[in-house]
Structure formats: C-alpha cells, structure tokens
Amino acid sequence: MAVKEKPMAQEVQKPGWKSIPIGGLILRGGSAEEFQTGDWRTEKPVWDGEKCTNCYLCWVYCPDMSIVLEDGKVAGVDYDHCKGCGICAAVCPPKVRAIEMVLDRE
Amino acid sequence: MGNSALNEAVKSVALTGNEAVANAMRQVHPDVVAAYPITPQTEIVQIFSTFVADGLVQTEFVPVESEHSAMSATVGASAAGARAMTATSANGLALMWEVLYIAAGLRLPIVMPVVNRALSAPINIHCDHSDTMGARDSGWIQLYSENAQEAYDNVIQAVRIAEHPEVNLPVMVMMDGFIISHGMENVYPLADEEVRKFVGERKPHYTLLDADNPITVGPLDLQDFYFEHRRQQAEAMFNADKVVKEVADEFAKLSGRQYDFFEAYQLDDAEMAIVVIGSTAGTAKYVVNELRAKGVKAGLLKIRMFRPFPAARLREALTNVPAVAVMDRADSLAACGGPLFGDLRAALYSAGKRPLMNNYIYGLGGRDVTLDHIRTVYQDLEEMLRTGEVKREINYLGVRE
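In order, the protein sequence lines correspond to chains A and B.
When you read off a place in the first sequence, starting at 1, and then add 47, the result is the number in our numbering.
When you read off a place in the second sequence, starting at 1, and then add 47, the result is the number in our numbering.
Hints are computed from structural coordinates only; laboratory data are not their basis.
Just so you know, even glycine gets a beta-carbon here, dropped at the ideal spot from N, CA and C.
Each hint should be verified, as a subset may be incorrect.
[Unchecked claim] Distance condition first, Cα-Cα at most 27 angstroms in a straight line; then the derived DSSO-like pairs of lysine-lysine:
1) K292(B) to K65(A)
2) K130(A) to K120(A)
3) K61(A) to K130(A)
4) K332(B) to K300(B)
5) K292(B) to K58(B)
6) K438(B) to K400(B)
7) K289(B) to K65(A)
8) K344(B) to K332(B)
9) K250(B) to K65(A)
[As the list claims (entries may be wrong)] Sample of chain B residues lacking proximity to chain A, with all beta carbon distances greater than 12 angstroms (derived):
10) P110
11) I149
12) H173
13) G230
14) E232
15) L314
16) E337
Whole structure, please, built from the sequences with the hints as guidance.
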C-alpha cells in the first residue's frame, strides 16, 4: 500500500548559537504556555455542557490547567495543552458523567 | 600557621597545600561553600569551617550529606548569583559526576579545588590523577599545580577565569594528594585586600533571585536547541585560552609570579624532554639540572592547563624536540596509553616535524616517583635518540613484575 506523504511544513529558521542565551536559560516567565503538548494525546476528553454541574473537580485535578473557565463556569477543554490523561473524566462524579474520553483521530 | 588566618604582614609562611588553598578560599571570600569531607581533601573544608566559625568570613557554609549534594548545592547557589565553591577528591568527585556536567552546561562559574587521589577499587587514598582525568571531558576548565604555592595562586586566578563573561565555565584546581596537600612548604600569600581587589565581586548576567527579571534555569532542551548550547560551551572553551593568559598576566603584576598554559623548563634547545603534570615536575626538574650539568640537552614541559588543551601551543613547543616521554599519573585503561599521551600525540599529528614519543604510566595509588625513576626515563630517551626507534610505546614505571 502506498504511503501518502504529507507535504513538509515550511521550516522556520531558528536562531543560532551566537544569539541565544547561554546555558539554555529562558529569560522571561510564562513561556511554558508556548509549548503545545496537545499533540501528545491519544484520547481526548469531550465535555458536555448540558450535563455539567460546575463542581470544578475536573478543574481542580487537571495537571495541565486545561479545563477552561469562563465567568466562573466550566466552558470546555484547552486542546492545545490537554495531554489526554483522562483524570478529568475519572473525577467527574458518577451521577454527572459530563466528560467522556474518546479516541482522538481525524 | 595552622587554622588561623594569615597575618598580612607576613611575607612567607610554612603551609600545607590544604592550608594554602583554604586560605585562598578565605581571601576569595565566596558567598557559599558546600562541604563534604573526603581524604585527602577534608582539611580544606574543615579549615574553612573554622574561618566561618571564627567570623573571619561571612560565607554561608552548607555541610551536606554527600558529594552529589555538595555539587548540587553549589550549582543552586551559583545559579542564584552567589560565588560558590566546594572541594573534593577521588570517589567524591566520581559521585559528583552527573552534576559536574550540569554545572558546566548551565555555564556556572564554580571554582572547585580537587586534591588528586586514586579511584577505588582496590581502595587507596593516595595520589594519582585518575579522578580528575576521568572528568576531563565534563566541560570544566582544569588547572594543575606543582606545589602549594601554585595551588594557592591557581585558586585565586580560577575565580577570575571562571567568571569572565566570555567564559562562564566552572574551574577545577588540582593538587597532588598528600604530596602537596599535606606536605608543608614555604608559601608567599598575598594580602587579603589584594586578593579581594583582584577577584572583585561576582557580576552574574542573570540570577534566580532577580524577581523583576524572572528566568528559567535548566529547561528541557531537545533536538532543536541542545546542539546550539553545546556549541556555545565549545566556544567558551576556545575563549578560555585568551582569558587564562590575560588573568595570568594581571596576576603576575600583583604577585610577581608569572603563569602560563604550561611551563617550559630548559626546553629551547632540548634534544629530549619529559612532559609531566603536577608534583613530579619538581622531581624531574632536579634530574634535568643534573643532566644539563653533564652537558646532556634534557628539558621538561609541565602542563598547567589541561582543559582546554593548549594543543597548538604544545605543538609549537615540542615539534623541534626530537624525543619526548609523556608521563601519565593515570591510566586510561584504553590499551593505548594515558590521557595526556593521547591528547599530546593528537596535537602533534599535524606538526611538520614530529618527535619520537613514548608514554610512562607512573605513580598510581601514590607509588613514589624517585629520581632514579626519572633518570631511567631520560636514559630511555637517549637510547630512542641514538637508535631513532621507540622500543616500547607504553611503559609502566616503577611497577613490580
């Protein structure tokens, strides 16, 4: 079976050794957000706003701060950073079951 | 002299190598010293702890539970902007192993005296260079000392070399276990004020404690950037060559003692030479004098800076010496000679003229190196010169068969 090759993404030229900070230092705070870990995921949590009671347990337990709140209410999942660990689905109360893990495939 | 501070009016004092180095550390006055005892280094941190207890320094003295922790605490303190030091020997250095690379990779200007001692097993507390030779590729600058005076002077210069903005690398300062560390010699110390002025204050570019300019130290560095950071480290090692010379010249103005990458002793017109590191150079110089008195053109080259390896300068210094014996107080156990032999031969490969060279592994585990041992090496060199042949490339000097 022939494998269909994806076209190579345009490679962005990264800075060289002469211009980057020595020792691998990062010279500002909050840069972890730029590292998108969402593509590590095998399963993704699918959140159902109809069932959710806003108990915040998923928000408390999420190790990647990927449960998004808006105006104090759960509003969904940050799929750029969610690694699909499934903790949110596991802690969602049995009577609620507002989060379901599904295979993350196109 | 013992444990008390040096009297600044005194011109020369009798000191052991450990006392001289502990006093250099007192005069450098680091912000943090992490300490764990190991023979024969123990006295350095023990004497330094009395300086702390007596209020002669305001150093934060951190007694830790292992050498791995000693180097880790030093790394943390240095990343926080402190001038941080520790000291070790042999198996203690081996336990620091992974953190040595971290100190160098994070580009932290830590200065660490190392008192050379054989590695186990079999267990042995006496001098050879197998401990620091093993760490030769850890990214630390390495300065070796022939005597207590050089150990003292090297510690003071190491601070300036390490902290130079074009270097930012850790430096190990070596002296031979017991032979130098516990042997008492005349040492000419500088005045406290002179040293303090010479080393100045550490001015770190970035520190963990600067809340207005938050930084991350040691983040994950994968395929897209790790190589660039290693390339920077390589560049810092190239830069160190220039800085070591600058610092030596400035130190010479202060002390009257001129240091170089290596010492060439009677080498200019030499027909045969020994290349050696550490205290054995003193013994070998005596034999050189003896031979010179008989009209034999014998010379010697003593390595001070082993990392970075001053390859081009060594090539220039040795290319015209017809016969060279390289003495290694460590066996790489690679079945092709000791570490100095390997590097020196590589350095001379591209020379127009190459000496006949052989290698002597000697003095392992503190085995005495006598004048007679050195005499036999020069006798071998004379034969090499006469026959134009290297009879045996790798030799073990002073071992029973």
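request  = Mind listing which of the numbered hints don't hold for this structure, in increasing order?
outcome  = 11
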